[in-house]
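Just so you know, the protein sequences line up as chains D and E, in that order. According to the numbering used here, the first sequence is numbered sequentially starting from 574. According to the numbering used here, the second sequence is numbered sequentially starting from 7.
None of these hints come from the bench; they were simulated from the model. C-beta atoms are modelled at their ideal positions from N, C-alpha and C, and glycine is treated no differently. Just so you know, not all the hints are guaranteed correct.
In silico lysine to any residue, SDA-like type, Cα no more than 25 Å apart, as pairs [to be verified]:
1) E:Lys-197 / D:Pro-689
2) D:Lys-697 / D:Arg-658
3) E:Lys-197 / D:Asn-726
4) D:Lys-697 / D:Met-596
5) E:Lys-197 / D:Ala-677
6) D:Lys-697 / D:Val-627
7) E:Lys-197 / D:Lys-578
8) D:Lys-626 / E:Phe-86
9) D:Lys-626 / D:Asn-603
10) E:Lys-197 / D:Ala-686
11) D:Lys-697 / D:Asp-660
12) E:Lys-197 / D:Met-722
13) D:Lys-578 / E:Val-58
14) E:Lys-197 / E:Arg-147
15) E:Lys-197 / D:Arg-577
16) D:Lys-697 / D:Gly-610
17) D:Lys-697 / D:Lys-725
18) E:Lys-197 / D:Ser-661
19) D:Lys-626 / D:Ser-673
20) E:Lys-197 / E:Leu-216
21) D:Lys-578 / E:Phe-86
22) D:Lys-697 / D:Ala-643
23) E:Lys-197 / D:Arg-658
24) D:Lys-578 / E:Arg-147
25) E:Lys-197 / D:Ser-612
26) E:Lys-197 / D:Gln-600
27) D:Lys-626 / E:Ile-212
28) D:Lys-626 / E:Arg-47
29) D:Lys-626 / E:Arg-147
30) D:Lys-578 / E:Arg-47
31) E:Lys-197 / D:Lys-697
32) D:Lys-626 / D:Lys-578
33) E:Lys-197 / D:Gly-623
34) D:Lys-626 / E:Pro-46
35) D:Lys-626 / E:Leu-112
36) D:Lys-578 / E:Gly-202
37) D:Lys-578 / E:Pro-46
Residues from chain E shown here face chain D by an in silico Cβ test under 10 Å; the list is partial [what the hints assert, rightly or not]:
38) Val-101
39) Glu-138
40) Ala-141
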Amino acid sequence: MNNRKIEIGVGLFVALGIAALFMLAMQVSNLAVMQHGESYLLSAAFENTGGLKVRSPVTVSGVRVGRVDAIDYDTRAYQAVVSLRIDSAYDSFPEDTTASIFTAGLLGEQYIALEPGGSMENLKDGDRVQLTQSALVMEQVIGQFLYSMTSKNNASEE
Amino acid sequence: MLDALQALGRATLGFFERLGRGHLFLLQTLASMPGVLLRPRLVLAQLYSVGVRTLVITLVSGMFVGMVLGLQGYNTLVDFGAEESLGVLVALSLVRELGPVVAALLFAGRAGSALTAEIGLMKATEQLSGMEMMAVDPVQRVVAPRFLAAFLSMPLLAAIFSAVGIFGGHFVGVGLLGVDDGAFWSQMQDKVDLGGDIYNGVIKSIVFGLVAGWIALFEGYDATPTPEGVSRATTRTVVHTALAVLGLDFVLTALMFGD
Numbered sequence: 574m575n576n577r578k579i580e581i582g583v584g585l586f587v588a589l590g591i592a593a594l595f596m597l598a599m600q601v602s603n604l605a606v607m608q609h610g611e612s613y614l615l616s617a618a619f620e621n622t623g624g625l626k627v628r629s630p631v632t633v634s635g636v637r638v639g640r641v642d643a644i645d646y647d648t649r650a651y652q653a654v655v656s657l658r659i660d661s662a663y664d665s666f667p668e669d670t671t672a673s674i675f676t677a678g679l680l681g682e683q684y685i686a687l688e689p690g691g692s693m694e695n696l697k698d699g700d701r702v703q704l705t706q707s708a709l710v711m712e713q714v715i716g717q718f719l720y721s722m723t724s725k726n727n728a729s730e731e
Numbered sequence: 007m008l009d010a011l012q013a014l015g016r017a018t019l020g021f022f023e024r025l026g027r028g029h030l031f032l033l034q035t036l037a038s039m040p041g042v043l044l045r046p047r048l049v050l051a052q053l054y055s056v057g058v059r060t061l062v063i064t065l066v067s068g069m070f071v072g073m074v075l076g077l078q079g080y081n082t083l084v085d086f087g088a089e090e091s092l093g094v095l096v097a098l099s100l101v102r103e104l105g106p107v108v109a110a111l112l113f114a115g116r117a118g119s120a121l122t123a124e125i126g127l128m129k130a131t132e133q134l135s136g137m138e139m140m141a142v143d144p145v146q147r148v149v150a151p152r153f154l155a156a157f158l159s160m161p162l163l164a165a166i167f168s169a170v171g172i173f174g175g176h177f178v179g180v181g182l183l184g185v186d187d188g189a190f191w192s193q194m195q196d197k198v199d200l201g202g203d204i205y206n207g208v209i210k211s212i213v214f215g216l217v218a219g220w221i222a223l224f225e226g227y228d229a230t231p232t233p234e235g236v237s238r239a240t241t242r243t244v245v246h247t248a249l250a251v252l253g254l255d256f257v258l259t260a261l262m263f264g265d
């Protein structure tokens, strides 16, 4: 009788539920992003990483080429060491590439921007990016600004 | 004076007695699970009346909750020029909180109250004691399949709610308000963590399913077998489930996302 209807209804319900879970996992979460294909590691030492986080993007000319794999602190050099996982598709960065930590927008997240240099040799897996520029810390910027303002005022008064 | 003391004492004892009965009832239900698994047809019929019939209200509510989130989120985010983060806002609110909680509240209103009324009426018309006469365990025959059905349905309903809600938010944000489609999805995929957000949402919905099923069935099983008693039990199911779900949600959120 309506046994068939019930079974079809339950089947539809369960299929829909599993499809929803699958959609949440594949389309919404970071599963798709985490499946990095071929990639290689670079590292860079920074005086200050600011608000950089693991999985923050690494970009060149605004194009994302990889993400931050790990952030450690080197106790001997007194510097933060950031590992960058770069897609193998982007494998030709000159040795004198600069890595800088920038902020997306005024309040946005921090990311690493690579700026290729002019050297003939390319960076290889495990290499360290030598030229780095630390994150701007807002307090330092404001402090320097105030300092330069007051010294200018003093100079004009004298 | 003594009368007041006696009333207080009776109320306290009654409360703990009920609490104890509730836990014994849960243990009894869980103990009869193996017997239920041998008769999946009973569970199937309950999955239909508990899960499938709750599907439509879940779909519609999820759609509208997602659309409202999209609209309100856009209005706030656009002030900061951060409307690209709309996908993150909609997805995280739904997956972490609104999906499990609102789906559980809808479940209590739609399925929980029906379960209580059904079992309460079975008790009032002495069908349950009739089963006992025939040496059929009413907990195993009537209660346990419904409990299992509630336990299985809730995570599916919550996931459906979240998924539909995200599409609702996408429809309003991308379709009507002009947020960039790629940014909507890519920022979402960037920020929503499979282990931290989605699994925890599923765990929440499983807990809510257990609690909603337990409360609904116990209220029905423990109802005073009169029309008034069944009506009171049905009301209590909805109120207690709502309170338990909201309270547990706070505890679970503090445990999962507290640090």
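Cross-check of the supplied hints:
The hinted pair formed by Lys-197 of chain E and Pro-689 of chain D fails the criterion: a straight-line CA distance of about 28 Å is larger than 25 Å. Taking the CA atoms of Lys-697 of chain D and Arg-658 of chain D, the gap is about 12 Å. The hint holds against a cut of 25 Å. For the suggested pair Lys-197 of chain E and Asn-726 of chain D, the alpha carbons sit about 46 Å apart, so the restraint of at most 25 Å is broken. Between Lys-697 of chain D and Met-596 of chain D, the direct Cα distance comes to roughly 37 Å. Violation of the 25 Å bound is thereby established for this hinted pair.
Annotation: proposed proximity of Lys-197 of chain E to Ala-677 of chain D holds, straight-line Cα distance about 15 Å (limit 25 Å). The hinted pair formed by Lys-697 of chain D and Val-627 of chain D meets the criterion: a straight-line CA distance of about 21 Å does not exceed 25 Å. Taken as a hint, the Lys-197 of chain E and Lys-578 of chain D pair is broken in the structure, with Cα atoms around 41 Å apart against an allowance of 25 Å. Note on Lys-626 of chain D and Phe-86 of chain E: the hinted pairing holds, with a Cα-Cα distance of about 22 Å set against a maximum of 25 Å.
Taking the CA atoms of Lys-626 of chain D and Asn-603 of chain D, the gap is about 15 Å. The hint holds against a cut of 25 Å. At roughly 20 Å between alpha-carbon atoms, Lys-197 of chain E and Ala-686 of chain D fall within 25 Å of each other, so this suggested pair holds. The hinted pair formed by Lys-697 of chain D and Asp-660 of chain D meets the criterion: a straight-line CA distance of about 12 Å does not exceed 25 Å. Of the supplied pair hints, the one linking Lys-197 of chain E and Met-722 of chain D is violated, its CA atoms being roughly 40 Å apart against a limit of 25 Å.
Pair hint Lys-578 of chain D plus Val-58 of chain E holds up; C-alpha atoms about 11 Å apart against a cutoff of 25 Å. Between the alpha carbons of Lys-197 of chain E and Arg-147 of chain E the distance comes to roughly 46 Å, so the proposed pair goes past 25 Å and is violated. Using a Cα cut-off of 25 Å, the hinted pair Lys-197 of chain E and Arg-577 of chain D is violated, with the two alpha carbons roughly 43 Å apart. Proposed proximity of Lys-697 of chain D and Gly-610 of chain D is supported: the alpha carbons are some 17 Å apart, at most 25 Å.
With a CA separation close to 47 Å, the supplied pair Lys-697 of chain D and Lys-725 of chain D exceeds the 25 Å bound. A hinted pair counts as satisfied when its Cα atoms are at most 25 Å apart, and Lys-197 of chain E with Ser-661 of chain D qualifies at roughly 23 Å. For the suggested pair Lys-626 of chain D and Ser-673 of chain D, the alpha carbons sit about 14 Å apart, so the restraint of at most 25 Å is met. For the proposed pair Lys-197 of chain E and Leu-216 of chain E, the alpha carbon gap of about 29 Å is over 25 Å, so the pair is violated.
For the suggested pair Lys-578 of chain D and Phe-86 of chain E, the alpha carbons sit about 51 Å apart, so the restraint of at most 25 Å is broken. A threshold of 25 Å between alpha carbons decides the hint, and for Lys-697 of chain D with Ala-643 of chain D the separation of about 18 Å falls inside it, so the pair holds. This hinted pair checks out: Lys-197 of chain E and Arg-658 of chain D have alpha carbons roughly 18 Å apart, not beyond 25 Å. For the suggested pair Lys-578 of chain D and Arg-147 of chain E, the alpha carbons sit about 22 Å apart, so the restraint of at most 25 Å is met.
Of the supplied pair hints, the one linking Lys-197 of chain E and Ser-612 of chain D holds, its CA atoms being roughly 21 Å apart against a limit of 25 Å. At roughly 12 Å between alpha-carbon atoms, Lys-197 of chain E and Gln-600 of chain D fall within 25 Å of each other, so this suggested pair holds. Between the alpha carbons of Lys-626 of chain D and Ile-212 of chain E the distance comes to roughly 32 Å, so the proposed pair goes past 25 Å and is violated. Distance restraint check for Lys-626 of chain D and Arg-47 of chain E: the Cα-Cα separation of roughly 51 Å exceeds the 25 Å cut-off, and the hinted pair is therefore not satisfied.
A C-alpha spacing of about 54 Å is found between Lys-626 of chain D and Arg-147 of chain E, which places the hinted pair above 25 Å, so the restraint is violated. For the suggested pair Lys-578 of chain D and Arg-47 of chain E, the alpha carbons sit about 13 Å apart, so the restraint of at most 25 Å is met. Distance check on the hinted pair: Lys-197 of chain E and Lys-697 of chain D sit about 29 Å apart at the alpha-carbon level, beyond 25 Å; violated. Note on Lys-626 of chain D and Lys-578 of chain D: the hinted pairing is violated, with a Cα-Cα distance of about 52 Å set against a maximum of 25 Å.
Of the pairs offered as hints, the one joining Lys-197 of chain E and Gly-623 of chain D holds, with about 19 Å between alpha carbons and a cut-off of 25 Å not exceeded. Pair hint Lys-626 of chain D plus Pro-46 of chain E does not hold up; C-alpha atoms about 49 Å apart against a cutoff of 25 Å. For the suggested pair Lys-626 of chain D and Leu-112 of chain E, the alpha carbons sit about 38 Å apart, so the restraint of at most 25 Å is broken. Between Lys-578 of chain D and Gly-202 of chain E the CA atoms are separated by roughly 38 Å; this puts the pair beyond 25 Å, and the hint is violated.
For the suggested pair Lys-578 of chain D and Pro-46 of chain E, the alpha carbons sit about 16 Å apart, so the restraint of at most 25 Å is met. Taken as an interface hint, Val-101 of chain E checks out: its beta carbon lies about 7 Å from the nearest beta carbon of chain D, inside 10 Å. Interface hint at Glu-138 of chain E: violated, since its Cβ lies 27 Å from the closest Cβ of chain D, which is beyond the 10 Å cut-off. Checking Ala-141 of chain E against chain D: minimum C-beta separation of about 27 Å lies over 10 Å; hint violated.
Consistency note: the structure conflicts with the earlier hints numbered 1, 3, 4, 7, 12, 14, 15, 17, 20, 21, 27, 28, 29, 31, 32, 34, 35, 36, 39, 40.
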